[in-house]
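The chain contents come next:
2 protein chains.
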Amino acid sequence: MELCRYLFGRFKEAGVRHVFGLPGDFFLPFFRALEEEPGIEPVILTHEPSVGYAADAYARVRGLGVAAVTWGAGALNMVNATAQAYAERSPVLVLSGAPEIAHRDPDALLHHRVKNFASQLRVYREVTGAAVALDDPAHAIAEADRVIDSVLRTKRPGYIEIPRDLIRADVPVPARRTSDIRLKDERAANEALAEVLARIRVAEQPAIYAGAEIRRFRLHDKLVTLAERYGLPVATSLDGKAVFPEQHPLFAGNYLGEIGSPRARKVLESADCVLMLGARMTDVNTGLYTARFDRRRVISAVHEGVTVSYHRFPDVSLEDLMDALLALPEPPRRVEPLPPPPLPEPTPTETLTPDAIIAVLNRVAAGRPVFYAADVGDALFASVELETDMFLGPGYYSSMGFAVPAAIGAGLAEPGRRPIALVGDGAFLMTGLDLVTCVRLGLPAIVILFNNRSHGMLAAMDEPARSYELPTPDYVRLAESLGGRAFRVGTPEELERVLVEALEDVTATILIETVIPPGTYSAPMQRLGAVVHRMKNRSALG
Amino acid sequence: MELCRYLFGRFKEAGVRHVFGLPGDFFLPFFRALEEEPGIEPVILTHEPSVGYAADAYARVRGLGVAAVTWGAGALNMVNATAQAYAERSPVLVLSGAPEIAHRDPDALLHHRVKNFASQLRVYREVTGAAVALDDPAHAIAEADRVIDSVLRTKRPGYIEIPRDLIRADVPVPARRTSDIRLKDERAANEALAEVLARIRVAEQPAIYAGAEIRRFRLHDKLVTLAERYGLPVATSLDGKAVFPEQHPLFAGNYLGEIGSPRARKVLESADCVLMLGARMTDVNTGLYTARFDRRRVISAVHEGVTVSYHRFPDVSLEDLMDALLALPEPPRRVEPLPPPPLPEPTPTETLTPDAIIAVLNRVAAGRPVFYAADVGDALFASVELETDMFLGPGYYSSMGFAVPAAIGAGLAEPGRRPIALVGDGAFLMTGLDLVTCVRLGLPAIVILFNNRSHGMLAAMDEPARSYELPTPDYVRLAESLGGRAFRVGTPEELERVLVEALEDVTATILIETVIPPGTYSAPMQRLGAVVHRMKNRSALG
Numbered sequence: 400m401e402l403c404r405y406l407f408g409r410f411k412e413a414g415v416r417h418v419f420g421l422p423g424d425f426f427l428p429f430f431r432a433l434e435e436e437p438g439i440e441p442v443i444l445t446h447e448p449s450v451g452y453a454a455d456a457y458a459r460v461r462g463l464g465v466a467a468v469t470w471g472a473g474a475l476n477m478v479n480a481t482a483q484a485y486a487e488r489s490p491v492l493v494l495s496g497a498p499e500i501a502h503r504d505p506d507a508l509l510h511h512r513v514k515n516f517a518s519q520l521r522v523y524r525e526v527t528g529a530a531v532a533l534d535d536p537a538h539a540i541a542e543a544d545r546v547i548d549s550v551l552r553t554k555r556p557g558y559i560e561i562p563r564d565l566i567r568a569d570v571p572v573p574a575r576r577t578s579d580i581r582l583k584d585e586r587a588a589n590e591a592l593a594e595v596l597a598r599i600r601v602a603e604q605p606a607i608y609a610g611a612e613i614r615r616f617r618l619h620d621k622l623v624t625l626a627e628r629y630g631l632p633v634a635t636s637l638d639g640k641a642v643f644p645e646q647h648p649l650f651a652g653n654y655l656g657e658i659g660s661p662r663a664r665k666v667l668e669s670a671d672c673v674l675m676l677g678a679r680m681t682d683v684n685t686g687l688y689t690a691r692f693d694r695r696r697v698i699s700a701v702h703e704g705v706t707v708s709y710h711r712f713p714d715v716s717l718e719d720l721m722d723a724l725l726a727l728p729e730p731p732r733r734v735e736p737l738p739p740p741p742l743p744e745p746t747p748t749e750t751l752t753p754d755a756i757i758a759v760l761n762r763v764a765a766g767r768p769v770f771y772a773a774d775v776g777d778a779l780f781a782s783v784e785l786e787t788d789m790f791l792g793p794g795y796y797s798s799m800g801f802a803v804p805a806a807i808g809a810g811l812a813e814p815g816r817r818p819i820a821l822v823g824d825g826a827f828l829m830t831g832l833d834l835v836t837c838v839r840l841g842l843p844a845i846v847i848l849f850n851n852r853s854h855g856m857l858a859a860m861d862e863p864a865r866s867y868e869l870p871t872p873d874y875v876r877l878a879e880s881l882g883g884r885a886f887r888v889g890t891p892e893e894l895e896r897v898l899v900e901a902l903e904d905v906t907a908t909i910l911i912e913t914v915i916p917p918g919t920y921s922a923p924m925q926r927l928g929a930v931v932h933r934m935k936n937r938s939a940l941g
Numbered sequence: 400m401e402l403c404r405y406l407f408g409r410f411k412e413a414g415v416r417h418v419f420g421l422p423g424d425f426f427l428p429f430f431r432a433l434e435e436e437p438g439i440e441p442v443i444l445t446h447e448p449s450v451g452y453a454a455d456a457y458a459r460v461r462g463l464g465v466a467a468v469t470w471g472a473g474a475l476n477m478v479n480a481t482a483q484a485y486a487e488r489s490p491v492l493v494l495s496g497a498p499e500i501a502h503r504d505p506d507a508l509l510h511h512r513v514k515n516f517a518s519q520l521r522v523y524r525e526v527t528g529a530a531v532a533l534d535d536p537a538h539a540i541a542e543a544d545r546v547i548d549s550v551l552r553t554k555r556p557g558y559i560e561i562p563r564d565l566i567r568a569d570v571p572v573p574a575r576r577t578s579d580i581r582l583k584d585e586r587a588a589n590e591a592l593a594e595v596l597a598r599i600r601v602a603e604q605p606a607i608y609a610g611a612e613i614r615r616f617r618l619h620d621k622l623v624t625l626a627e628r629y630g631l632p633v634a635t636s637l638d639g640k641a642v643f644p645e646q647h648p649l650f651a652g653n654y655l656g657e658i659g660s661p662r663a664r665k666v667l668e669s670a671d672c673v674l675m676l677g678a679r680m681t682d683v684n685t686g687l688y689t690a691r692f693d694r695r696r697v698i699s700a701v702h703e704g705v706t707v708s709y710h711r712f713p714d715v716s717l718e719d720l721m722d723a724l725l726a727l728p729e730p731p732r733r734v735e736p737l738p739p740p741p742l743p744e745p746t747p748t749e750t751l752t753p754d755a756i757i758a759v760l761n762r763v764a765a766g767r768p769v770f771y772a773a774d775v776g777d778a779l780f781a782s783v784e785l786e787t788d789m790f791l792g793p794g795y796y797s798s799m800g801f802a803v804p805a806a807i808g809a810g811l812a813e814p815g816r817r818p819i820a821l822v823g824d825g826a827f828l829m830t831g832l833d834l835v836t837c838v839r840l841g842l843p844a845i846v847i848l849f850n851n852r853s854h855g856m857l858a859a860m861d862e863p864a865r866s867y868e869l870p871t872p873d874y875v876r877l878a879e880s881l882g883g884r885a886f887r888v889g890t891p892e893e894l895e896r897v898l899v900e901a902l903e904d905v906t907a908t909i910l911i912e913t914v915i916p917p918g919t920y921s922a923p924m925q926r927l928g929a930v931v932h933r934m935k936n937r938s939a940l941g
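First to last, the sequence lines map onto chains A and B. Residues in the first sequence are numbered consecutively from 400, following our numbering. Residues in the second sequence are numbered consecutively from 400, following our numbering.
Bound-form chain A, shown alone (with noise of 0.2 Å):
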C-alpha cells in the first residue's frame, strides 16, 4: 500500500475532511496524492505560520488537525505554530516532506538544509510529544502509527517526517496494533471518588473551575450534565472559554483572579470546595497568579492525574473522575441556581472601547450559529464578557496571529457555524492576509478588527513607547483587495448596525474595522495593567 493512502486513510478514520499545507518540491508528491484522493482535501494558506494555526483550530474542534509542510523553509517556519499546539494540548498532526533517502549524503548541500538531515528533527522533538524521520520502508506505517496514536491519546503534537522517496512507496501494512491505551484503575478510581464525594457532600459552596482539557477530551457534554446533576456553578478559565455554555444558568464566568470576571472571582474564591476539571495553574489563568485558592479545598483534576488537596492519585485521569461522578445513582446534594448576571451597563454611545464591541456582540449575535476565533491582545481578554459556546484562543501560550488562521481552519471543521475573528491590528498584519485564503474558499468570515494603531497589551502592561506604535494601512481598501467586503466603523451604534448587515450576508467574507482611541482598553486589560504596574513597583521596592 502507498504510504500517503494509508496516512490519508487514517486521517478519515480520525474524522479528518481536510490537510492544511503549504506545498514545497520535498513535498509535491504528497499534495499530488492528496488532490486524488476522495473525501479529503488539500487547504493551502499563504504562510506556514497560518497553516499551523489553521490545523491547530482544526484539531481543536474535530479531535485531529494535519499541517503538511516541506522540509526546512516550510516546517521550520512552523515551529511556534506547532509549540503553541503543544503548550496548549492540541491535537496537530505535523507532516513534513524531507530529502530522499537515496540523496542522503552526509555531504550534500541540499537547498532548505542547516547544519544536517536530523537538525529538523531535532528541533521539533522540542515542540511536539512524538517525532519520527522515517526511513525504513518496512517499518513506516508502525512508526507514524506511533505518532499518530500519540496525538490522539495525549492531544499533543506529533511530527512525521516523509522522505520524498516513500511518500508514494508501496510499504507493507502490519496486522494493525492495538494502540496502547492505559486501562482505567477502578481501585484507584473508587478511592479518588470516594475521597471527592466526601468533600462534596460536606461543603456549602462547592463550584467547578473547568479548563481547556475538557474540551480536548471532548468532555464538554459530560461537563454539562455533571455540573446540572451536582447543581454546581461553574467558572471556566480563559484558555478554556466556552468549554460550558455562558448562557446557562449555571455560569458563574471566565476566572482570571482579579483580572477576569468578578463574579467568577466570588463564585470561586467564596467557594468552600473546588471542583477543578482540565484546568492548569498558567499565569493568564491564574490573572498573574492573583487567583486565591486555598489548596486544602481544592479537588485538581487534569489528563494526568487528580489532586486532592495535599496529595495525588496520578493513576485516575480527568475522564476517569468524571465518568465515576457521572455514574453514581443519585447525586449528593444540589446547591441553589446562581442568581442571574447583573443586567450589562448600558453602552456609552459615544465611544468604541474593546467593551463596547462585546457588548454589541452580545447583543447581535447572541442565539445565532457563530463561533469565535480570538486573538492575543484585548480581543482576547475583552472577551471574558463575551458570551458564548464556542471559542477558540491562545488564552495560555498566546503566540499573536492566531485569530484568522483560526477561523479557517474551525470554519471547515464546523460548516454549521459562521466565523467570527477577533483580532488586534498587531495580529493582523502578522496573518490577516489569509482573509484572501477565506474569500477563495467562499468561507463568510467575519473578522472585527480591534485598531487601535499600537501593539496596545504592551502599552497597557508598560507605558506607551515608540516601539509598541503600529502602521497604518487602509484596512478596509486592504479588505477589499483582499475580494472581502469591509467596513469602519467608530461608534457602538455603527458597529451594531453593520454587524446585523454583516450577519444578513451570508455568502461574503466580511473585515469590520472597529475605530478604537489608542490607550481604550476593556476591563480586564484595565485590571491586568494595574496587576503589572503594582508587581512592578513591588519589585522596585523589594
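The hints are simulated quantities; they were obtained by calculation from the structure and are not laboratory data. Mixed in with the good hints, there may be bad ones.
If chains are identical, the list can't say which one is meant, so a pair holds when it fits in one copy or spans any two.
[Claimed, not checked] As a list, the in silico EDC-like pairs of lysine to aspartate or glutamate whose alpha-carbon atoms are at most 16 Å apart:
{"hint": "1", "residue 1": "Lys-583", "residue 2": "Asp-693"}
{"hint": "2", "residue 1": "Lys-935", "residue 2": "Glu-893"}
{"hint": "3", "residue 1": "Lys-583", "residue 2": "Asp-722"}
{"hint": "4", "residue 1": "Lys-935", "residue 2": "Asp-584"}
{"hint": "5", "residue 1": "Lys-935", "residue 2": "Asp-564"}
{"hint": "6", "residue 1": "Lys-621", "residue 2": "Glu-903"}
{"hint": "7", "residue 1": "Lys-935", "residue 2": "Glu-862"}
Given the coordinates of chain A, assemble chain B onto it according to the supplied hints.
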C-alpha cells in the same frame, strides 16, 4: 554597566545602527532601553519571519545584523529565518527575551512556554553557530562576547537569550578578552600558494568561479584586483551573484551547470584550471548536479580550507590564499580578455515574460544607484541574466518571503542605494505586507511583483496542480492600502515606462505588478524544469 548598554556598544562598534525586532512582554525593557540609546534605532516589522530576513539582509551588507524578539511566540517564529542565515552564512545575532531568573520555578506555567525553560535554547542550537542563555550576571558579558565574536568570525548566526531581570541589570565588565582569532600559518599558506601558482601557470584557460563567501568575508574588492591582475574571467554562483561587478569586462555570468548562463558554462567547463573562491557545491549552484567540473583541475578555497585537486590544506583559509596571491610582486600570466557578451535579444513587445522583465531592468536601471533583493522562484532564477553589482537572494537555502523584508534591511544598511525587490506572488503573500513598514520608514523601495497567479516554480518542476494555484488579490489596491504607489503592467513597454517613472519618484514606496501569463517561465527556469523532468524519467526507468 547595564547589560543592554554593553551590547549596544558592541553593536555600534561593529557598524550596527539599526536593530530589527518585534516587542513582546518578556523583552520590553530591551526595547525601551534601545529607544533611549543614541546612535542606534529599533526597526519594528510586522511579523517575526520578516524581522529575521531584514536582519539577515542587513548582516549581508554591513557585517552584522541584530534581530530582537520575545521568548517563545517571538523567537520560535524566527527559526526558519535564522536557519537560512546559518545555511547561507549570514552574521545575524538573535536576541531573545526570557522569563526572569527569579521566576524560574520548573513547574511555573508561564505563557510562551513550551516544554521547559531550555526548550528554546535547544531549538536555537540547531540553527546557530553559538548559542547561550544568560543566567549569571557575573559571566553575562563574557558569554555574550563569546557569541558575538563567533558571529563576527564565522559569519554564522548566534543566539543570546536574556532573562527580563538581566536586561538592565548592572553587570561587571571584564577586561576584554582578545578574541581567539586563528593565527595564519605562513608555512601552510606558502605550500598551498606554490601549488596553486604552479597550476595557474601551466593552465591555458584558467578561470575563477566565485561564491557567497566573497561577500560574507568582505573580499569583493580583493576579488576584482585579483581577477584584473591575473587577467582571469570570473563566473559567480547564484548565491554569490554580484560578488563580482557584472558589467566588468572579465565577468562571464552566473554559473549553474545546465541551468545558468550559457556563457558562464562555456567559460568554466572549458577551463583547464578553475579557481573556486568562496563557492559551495550546493544543489542549486551546481544546477541540480549538472555542473561539470573535473576535480583534478579545481582549486577550491573556502573559509575552512583550500582543496587542490584531491588534497586539502585545512590551515589555509580563503582569505589567506587570496592575500597570498595578491602579495606576489608579479602575476604569473595574463589571459586574453573575454569576448564581449552577446547583445541581448530584442525583447518581444507583447508578452511580459520573466526574461523580458529582467531585460527591461537591465536597460532602465543600469548605472543607477540601486540594489536588488530577489525572492525564491522565477524572480531568483530569471536574475541569472540581471546585470548588477549588488544583489541579495536566498540562492541556497531558498526560503520564500525574503525579498520585501530584505529590501528594508539592506535599504537601511546601504542608504545610498535604492532597493528593488523582485518577488513572486507566492512569496509576496508571505511577507509583502511589510511594504507598510517601508512606507512608515519612508524607504523608497520598488517592488517588482512577478504575478503568475501560482507557485510557478513548483509547477515548472512538476506539472500544474490545484495546490500550486494562488489566490488573486488586487495587488495594486493592496499596495495602495498600505500607503504605497502602485502600477499594474502587462507588456514590456508598459513596464519600461512605469519603471522610468518609479525611478524618478525618489520618495515613494512603489509596487509594480507585472502580469505574467501562468506557465511562462524564464529561460533558466525552463532549463531547471527540463533537468528535473530528465531526472524523474531516469529514476522511473532505473
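### Query
Which earlier hints can't be squared with this structure?
1, 2, 4 and 6
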